[in-house]
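Chains as they are written, first to last, in this note's numbering: chain A, 1 to 507; chain B, 1 to 507; chain C, 1 to 507.
Treat the hints as calculated values from the structure; they're not laboratory data.
Any given hint could be a false lead.
Note that identical chains are pooled: a pair holds if it fits in a single copy or bridges any two copies.
What the hints assert, rightly or not - In silico SDA-like pairs for lysine to any residue, Cα to Cα no more than 20 Å straight-line:
1. 204 - 392
2. 423 - 482
3. 439 - 148
4. 479 - 424
5. 479 - 218
6. 380 - 45
7. 271 - 98
8. 411 - 163
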Amino acid sequence: MRKLIVVLCLLMLPGVAFGATVSKETQSCLNCHRGFTPGIVADWENSLHSKTLPDEAIEKPKAGRRISAETVPDRFKHVVVGCYECHGQHTDKHKDNFTHFGFSINVVVSPNDCNTCHPTEVAQYTPSKKAQAVGNLLKNPVYHTLVDTIIGPQEVDGTTITHQQPSDYTKQDACFACHGTTIEVLGMKERKTPLGTIQVPDLKNWPNQGVGRINPDGTKGACTSCHPRHSFSIEIARKPETCGQCHLEPDVPAYNVYKASKHGNIYEVDKDHWDFKAVPWRIGTDFTAPTCAVCHVSELAAPDGGILVERSHDFASRLWVRLFGLIYTHPQPKNGDTSIIKNADGLPLPTTFTGKPASEYLIGPDEQAVRKNRMTTVCKQCHSTSWVDAHFAKMDNTIKETDHMTLQATKLLQYAWDHGLAKGIPQGANPFDEAIEQKWIKQWLFYGNTARYASAMTGAQDYVAFKYGWWGLTTNLEKMREEIEMKEAIKKLEESSADKTEQGSAE
Amino acid sequence: MRKLIVVLCLLMLPGVAFGATVSKETQSCLNCHRGFTPGIVADWENSLHSKTLPDEAIEKPKAGRRISAETVPDRFKHVVVGCYECHGQHTDKHKDNFTHFGFSINVVVSPNDCNTCHPTEVAQYTPSKKAQAVGNLLKNPVYHTLVDTIIGPQEVDGTTITHQQPSDYTKQDACFACHGTTIEVLGMKERKTPLGTIQVPDLKNWPNQGVGRINPDGTKGACTSCHPRHSFSIEIARKPETCGQCHLEPDVPAYNVYKASKHGNIYEVDKDHWDFKAVPWRIGTDFTAPTCAVCHVSELAAPDGGILVERSHDFASRLWVRLFGLIYTHPQPKNGDTSIIKNADGLPLPTTFTGKPASEYLIGPDEQAVRKNRMTTVCKQCHSTSWVDAHFAKMDNTIKETDHMTLQATKLLQYAWDHGLAKGIPQGANPFDEAIEQKWIKQWLFYGNTARYASAMTGAQDYVAFKYGWWGLTTNLEKMREEIEMKEAIKKLEESSADKTEQGSAE
Amino acid sequence: MRKLIVVLCLLMLPGVAFGATVSKETQSCLNCHRGFTPGIVADWENSLHSKTLPDEAIEKPKAGRRISAETVPDRFKHVVVGCYECHGQHTDKHKDNFTHFGFSINVVVSPNDCNTCHPTEVAQYTPSKKAQAVGNLLKNPVYHTLVDTIIGPQEVDGTTITHQQPSDYTKQDACFACHGTTIEVLGMKERKTPLGTIQVPDLKNWPNQGVGRINPDGTKGACTSCHPRHSFSIEIARKPETCGQCHLEPDVPAYNVYKASKHGNIYEVDKDHWDFKAVPWRIGTDFTAPTCAVCHVSELAAPDGGILVERSHDFASRLWVRLFGLIYTHPQPKNGDTSIIKNADGLPLPTTFTGKPASEYLIGPDEQAVRKNRMTTVCKQCHSTSWVDAHFAKMDNTIKETDHMTLQATKLLQYAWDHGLAKGIPQGANPFDEAIEQKWIKQWLFYGNTARYASAMTGAQDYVAFKYGWWGLTTNLEKMREEIEMKEAIKKLEESSADKTEQGSAE
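Working from the sequences, and respecting the hints, build out all of it.
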């Protein structure tokens, strides 16, 4: 079969034509790639893109439209959205552009390319925290130090551990697999193929589908994080397993908590009866319990089709408080670029070490009320106002108490630093590289976050109680205390022993 | 649309009639709530309740009946089971009763309300451990202390940690989310609605669907734990994800263990071909591997429909040994109210600290044999007697050995208490608040339980071996030993140092 | 109904005949077992075995054949594959053979029995690591010591812990549940049945479906590990939950990592639209993302049916490097029997303590290239060559760095041994039974393995970063260092105190 493909490709004959509305460039792509990468072609053939003419899609009623552009350039209007329509756009802006069997092609499709048909989504996404996820980690020296401490290889000499800079590969494999990498074009490289030696771009930090990926055209984000290539399925994006790739225990256990909640329980046992492709998405008719997308992203409608909540690809648009402690919870930041935040101590953090919020950079009560109202509108389609109010009152209390437990851990850490039992901020040393410091990280990053996420998605009680939640908060505090106690006792004994030795010498 | 609902509601016009057999009260509920809480109405419309006339349901053959009443009051006979039929019962007994647009309504539907149609299930459930789950935790001073120690906020001062009482909200969020809360009616509160200001009951410890919830009518239990509102689906109750909300790692990892077992494996890959709604439920025809409900609750039939095992909503009716160590395994308690148990040392525990069972309160060998026979009857539909016998012989050995490992940990803890390395029962101090005590808790609550649950559902070998099982039992013991050794060494050094200082002073 | 079965069985009447092509022996089995073990009969009735005549199956085109024999003995040709066809073979070789109501029956069906129809699969499987899984654990004194240390019951006396030999039951329940047990026939035992007292074999270490089970006919392996009785479904074997029974966190978290990866995400949300029974299995048509079987076992075809990759039941045939560290990664062993391996220090391990591979026993670069090419052929059906190359370059780096992190932990352990802080290899003591040694085990067995598995199945970033991955590698190293530091400080104080006491005595 390979031989046939080669002949077909070399002759640039039409091959198996997909349909009358496929552009001739895309048809050329399909001719070869149907043989070389059949999985990609099959995914695309199963997608809406392969069946949709933009000029017809635009004519649909607004509530059911998947295309948000009011018009598209002429060349896209009457052909389905094929290989070349996406990979052949804005070629002058793409450093990853190259000539591939006569076609000018970009390796990476960026949000700016998707923007041709989906400008509303791109406009909502681009300023959001997700799109800024690389800079929010790298431009913040505190977070950057944490990254380097944890994923950098270490060198042991005797009982001394020296931390080295993490490699680009490990960054790509760990933190930046979710946050996104900065894709760099190093040049061109040769590759031998059945069609002869070809030249392809040599990309660094690729492949990557992190939410804040910095693309070779300078744009930020990867729509494929949630709408994976090449089916771009709304069903996949709406199912919680997609979110679960990044939002996992122990640091951001939203997906684990969801699965253990009543909502997750109903999703899991009832989902086969739901319609994950319907737009608009009707409560009680198309689905009977929320998924991540229902609460945070999707356009929702009543059973009669009337729109109840608007879609937004700014994932914070229905969030008023940031449950993710850094190190304490705080109102959502005003700007998706959180690297600009400075707390009262001048550190790039949304709160001080004792919990004072950097309010100037965070949304105020009015905006909080607007966003909370968006979320509770979703809740109230299935729950009474009393129920919803009581739920969030409980969550507010859990926020307060878990932040309190972080403060207590911080007091113990400060005691260790102050009494020479560890070296951190007061000593100008790395605050993340010693055992007691790493226990402290667990207090807010694993245990506090878990209890709060589980409270927010009520029903995941084991995550509040025993799995990373209160059991962790309480026993971790006691572990920190005991470590301090033992180290302090040893230190005093050493000092006393040194005194006596000195006295002995002096005598 | 909201405006239309308001007009419709105010005029109390019939609106979209659901069907001729809906009571006129329920029709009034639907008129408004179809607009205000469409998710609830849709769930109910998808339910059997919305399609079932009790007097017709009672006529069905016994094996296939879902209603266990032999007769129901006249007013329920000829209408489907709608909003008012459930929320409008026994209004004089409900402290949460209120007048809502002219109707006398209870917020919470209790087992006593479900009892009208489902008396057998309520009679089985009410005396069981599940229905007593609140008192079993709160009335037992030992367990109560454990709860308070783990989920109460703490205060750090220097290196001293002071434990405070947990808040009602955190209790509701953690332990009592599963066990159930005591719902209290604080009074009435005002709520602004599109239909004007209304009065609704102000409930404390609500919402909650814990299995032992104490309801405003004084009854115990929440049928909605497993049959969630408002679909009350038998399919949901029969699927293990429902049980998995509470029976999760690390303390009662039945669901995690099930998923990793061969039975769970077959369920997960084959369930789409099963019929989860069939009553009776036929082995091999309707399902091909057990779920939690198959082994513990459901009425099971042969492929030809002959009943093999009777349904019971007393979840211990097929259980002879309690794998859940407190701190050791023991025969199932005679009474669902376990707070009455006293061991030989006078403590409210089913065994002593060294493992002697409080036999007076526990079922004897004859009743154990009866219950074991019920369970093995299920097993033997797919496994030979030799297979089943060997399986439970293996489990018995795992019970014996894990209890032995708990005893070893208890000996180490006792050593620490006896040698002044921790303060617990001998000192009249909290036995749960120090690091070594918390390691001891893990021995029986996390590691022993996990190994036993995994042994009981054979095939979940990683839970026996590495995930919370034997790896935990063994390495935790060594951690306890090392902690004792280091603390003892420091103590001796301190004593020796104090001696020398005294000697020095004395000289 | 039971009574009817008894009568039917005693009379040996035909009962409910299954079909004209059932052998008369199998029909006799069905007559009784349809009543006694209806689940088994139903599973078989749903299976292909109950519908397949070997002589017809053999005639199918090669790519779609499930039977690999070119011919079968006459007595199997014209009857479906029923009870007696499998349990009645090679009776002279089976120590578990017995006479059961007049029929000569084996309890256990072994690979040699399956070999009649599936010789290619048995020939591939038998020499593989999986089939040798019992000996690979038991014949290796290092691994054997680890097993004994972790799952043997322990005895505490004061602060001394004594390790005892694990029981056969616990071995069967833990490690050997996956690896397989050695089934022994102890003799015959009596069993009372409704048909009178019968004699059945008394088997030790049974039931068991471990991959390397040693059967009563001397053969190795249990096909039922992945093709569970009595449906023997290809759908079950192809779904990852089956592999997940053994390949679970924390030691070999392949299944957990898969679920968190993009491939696992797509499987989970899209699998209902796939055809898990199609042979050959067409990429993009029958499935749209890989499962474990796709990458490691199955025959794969292009959408047009052309075979791309051959099936192999040697699960290492597409693997060139062994990610599972013992204690470091290494090329796959040449021989499935790894107990023959000796490293440069004479230990039965594939690498030395400092990482030097025992190359003589491991595949070389040429064979590695062949196997890697098989795997990348799978990848390239959906990914470009550049993508695939970059993916494996990243994995290679993660292998290198995690092995480096294991080496650092090994250096710390060696320091502890050398400075009298723990007793291990230099002292001729158990290297697995002390707290610091058990931390060292976690470094390579839990953390290193997890980071590598997650890197290999890109997209499971939380397992690389926080869940058992780098967070574990880094913080565990720091815990080891701190433990050494504290123990060393205490040791010095004790020595100094002893010196002074001596001096005091001397004075």
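Structure-based check of all given hints:
no.	hint	result
1	204 - 392	between (45 Å within a copy, 14 Å between copies)
2	423 - 482	both (18 Å within a copy, 14 Å between copies)
3	439 - 148	within (17 Å within a copy, 23 Å between copies)
4	479 - 424	both (19 Å within a copy, 17 Å between copies)
5	479 - 218	neither (47 Å within a copy, 42 Å between copies)
6	380 - 45	between (39 Å within a copy, 18 Å between copies)
7	271 - 98	neither (44 Å within a copy, 36 Å between copies)
8	411 - 163	between (26 Å within a copy, 16 Å between copies)
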